[in-house]
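Single-letter residue listing:
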Amino acid sequence: MTTGKPLCFCFNVTKADVLAHFSEGAGTYESLVEKTKIGTKCTACLLDLDLVLDELHQARNSAIISDHEETGSGYTIRQAVDFTDSGFFMMENGMSTRVRLSNFSQLYRPGAQIVPFRFDLILLSEAGRVIGRLVGDIDKESDVTIDFSDCLDAPANGWFLLNLFPLAEGYFGTLRPQVAIGGAGWCATYHTQPHMMASMGKYRHEVVLMGNGSRLATSISVINTSRRPTNLTVSLRNPSDGSRRSEKLELHSMASRILDLDALFPQAAAGEPLFVSVRSDQPTRKHIINTHTDGSWSVDHFPN
Amino acid sequence: MGNSATFHYLTPLLFPLMPTHGGSLVIGLDLKKILDIRAIAGFTGIVTLDCAVIRDGAVGSRETLEFEVRDGNLDEAYFWRRYPADGLGYVEISITADQRIFTRIDLPVGYGLLTIPDYGTVTVIPDAKFARPIIIEQMQATKTFCLVHSAGHWDSREGCGNSFLFVNPYEQDIVITLQTGPDRKLRQKVPVRQVVRVSVDSLLKDGEWRCVMITGNNRIPVWDIRHQSGDSRTVNSIDHLDVFRGGRTHGPTKPVQYVKTGIRRFLRRHGIIV
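Residue numbers (this note's numbering), protein chains in the order written: chain A, 2 to 305; chain B, 230 to 503.
It should be emphasised that the hints constitute simulated quantities derived from the structure, not laboratory data.
Each residue gets a CB set at the ideal place from its N, CA and C atoms; glycine is no exception.
Any given hint might turn out to be false.
A short list of chain A residues far from chain B (calculated; beta carbon distances all over 12 Å) [as the list claims (entries may be wrong)]:
#	residue
1	Asp121
2	Thr175
3	Pro230
4	Ser236
5	Asp282
Cβ-Cβ distance ranges computed for the label pairs, FRET-style [to be verified]:
#	chain 1	residue 1	chain 2	residue 2	range
6	B	Phe495	A	Arg228	13 to 23 Å
7	A	Val136	B	Lys483	26 to 36 Å
8	A	Asn94	B	Thr273	51 to 61 Å
9	B	Ile266	A	Asp154	26 to 36 Å
10	B	Asn302	A	Glu273	52 to 62 Å
Residues from chain B that face chain A, not an exhaustive set, calculated with beta carbons under 10 Å [as the list claims (entries may be wrong)]:
#	residue
11	Gln328
12	Leu343
13	Asp347
14	Gln408
The whole structure should be built from the sequences, with the hints applied where relevant.
This is the structure:
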């Protein structure tokens, strides 16, 4: 093996060893692993190995991707990629909701072309009516905390759309929005999700829950992102015995609702994992909310 | 077996363990669903599930189960176990087969559950030990492993605490750096197969909200933990972090799409559509 800082510490394989293997002409990934055992023990080097192989691939092909080739049509029009996320909020009964946006360069090292963004936050009631709106800018190398109480005339629950639009051409910073929901003595956070990824698909609608004693202590926030009403089928499945209970509901267009699973499925807590699923005939955004005896929550989105 | 199948294993999953008031981590796997989405159809053979609990740098307990699969079906389709959440550690779950049946090694699975008596449950998202596509993409784009959480926060008056849990499942020590500003850094070593918890109160002022960025000399699984500020065992929320994406703000488009998008933005900006 060559000297130098190892790429793979377990088998002392350096980057030069990897490059030498492929410079021999017939070298393949499989033959590299067979010869050096790289990545077969702790596996932590696989990421670095991917980068080295990617560099090698680029160097070999010498592909120059131009805007012309990317469009494939001869046009070189460039347009801003804005993105719209959605989520639910709670402001009633002493709860608070904030959205955190930060727009920093990687590791706080200015130099990359991080650009300012405009945010457009639209709040909708559970009935689907627009009840608040806030537009603002987030400068490069800065952050902002949007408190929903500043956007509403009165406490309410509902859902929101958050659009982020670049004000110049450059690069995204640390822009993934985080929602912080809180109450007395607690705070829970969740990532917003791309609004277009609201789903009704086969593998996207099921989440595990356990309950607390005799209660499920779990709710589901459902947002109908469509302009049509949707029919929901909420099902609770016990994988141990295959039993299943279902309830059907309707949710109006652009409306949201918090479904209390203890109300939907009384006496369902079993002391073992259960699966809750939500099927809909229109795209819906769903979150699972576990409530605790001290009033605190944990919030997570259904898998995308 | 089909020509598209190339792997006999899936990336191991990692679930964090942390001290709680009598809680336990419940992990359930729908093996039938895993085979449906990752294995070639109609597989007949043996699938092996290995569950190891690692504490203080060593495997404390290990359970290995074999499941016979016939034509893509197995008798015991659902597996679940409970592990005491009474200290720092992690559970590593590996799924392998006796043949190359898996079409991809990454595995989208659901949550684990941290259940605490007389309190409730907290969803726990697992992390993949390696080959998470989004991390590979990030490393290729930015050349640095960097995780981000935009809502780092603690507030002693409100009783809100916040810490990060680092799990090193690899065979070398990892040195991590947490940053909440250009001049606010904290370095911490996470030894081989150890778990380290770092509170943000050394990086943030009381009541402050700040973006936390985390990097290391190697990729490392991290979880964001929310708990009572005076009691880190009362955990109410466990979340994953996001990678720093650093993508371009503009991209090429065709004239028709350019016009459509422009009209939609105009209508939205003026409140005509939502």
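Hints, one by one, checked against the model:
Distance to chain B contradicts A/Asp121 as a non-interface residue, since its nearest Cβ pair spans about 7 Å, not more than 12 Å. The Cβ of A/Thr175 sits about 5 Å from the closest Cβ of chain B, inside the 12 Å cut-off, so the non-interface label is violated. At roughly 17 Å, the least C-beta separation between A/Pro230 and chain B is larger than 12 Å, which holds for a residue marked as non-interface. Against the 12 Å criterion, A/Ser236 stays outside the reach of chain B, whose nearest CB is about 15 Å from its own CB.
With a minimum CB-CB distance of about 21 Å to chain B, A/Asp282 clears the 12 Å threshold, and the non-interface call stands. Here the CB-CB span from B/Phe495 to A/Arg228 is close to 19 Å, well matched to the stated 13 to 23 Å. At about 29 Å, the beta-carbon gap between A/Val136 and B/Lys483 stays in the expected band of 26 to 36 Å. Separated by about 55 Å at the C-beta atoms, A/Asn94 and B/Thr273 satisfy the suggested range of 51 to 61 Å.
A hinted range of 26 to 36 Å for the beta carbons of B/Ile266 and A/Asp154 is inconsistent with their spacing of about 47 Å. Our hint of 52 to 62 Å for B/Asn302 and A/Glu273 is violated, since their Cβ atoms are close to 23 Å apart. Among the interface hints, the one on B/Gln328 is violated; its C-beta lies about 17 Å from the nearest C-beta in chain A, farther than the 10 Å criterion. The beta carbon of B/Leu343 is positioned within 10 Å of a beta carbon in chain A (closest approach about 9 Å), and the interface hint is therefore held.
For B/Asp347, the shortest C-beta to C-beta distance to chain A is roughly 6 Å, which falls under 10 Å, so the interface hint holds. With its C-beta approaching chain A no nearer than about 6 Å, B/Gln408 sits inside the 10 Å limit, and its interface hint holds.
Violation of the numbered hints given earlier is confined to hints 1, 2, 9, 10 and 11; the remaining hints are satisfied by the structure.
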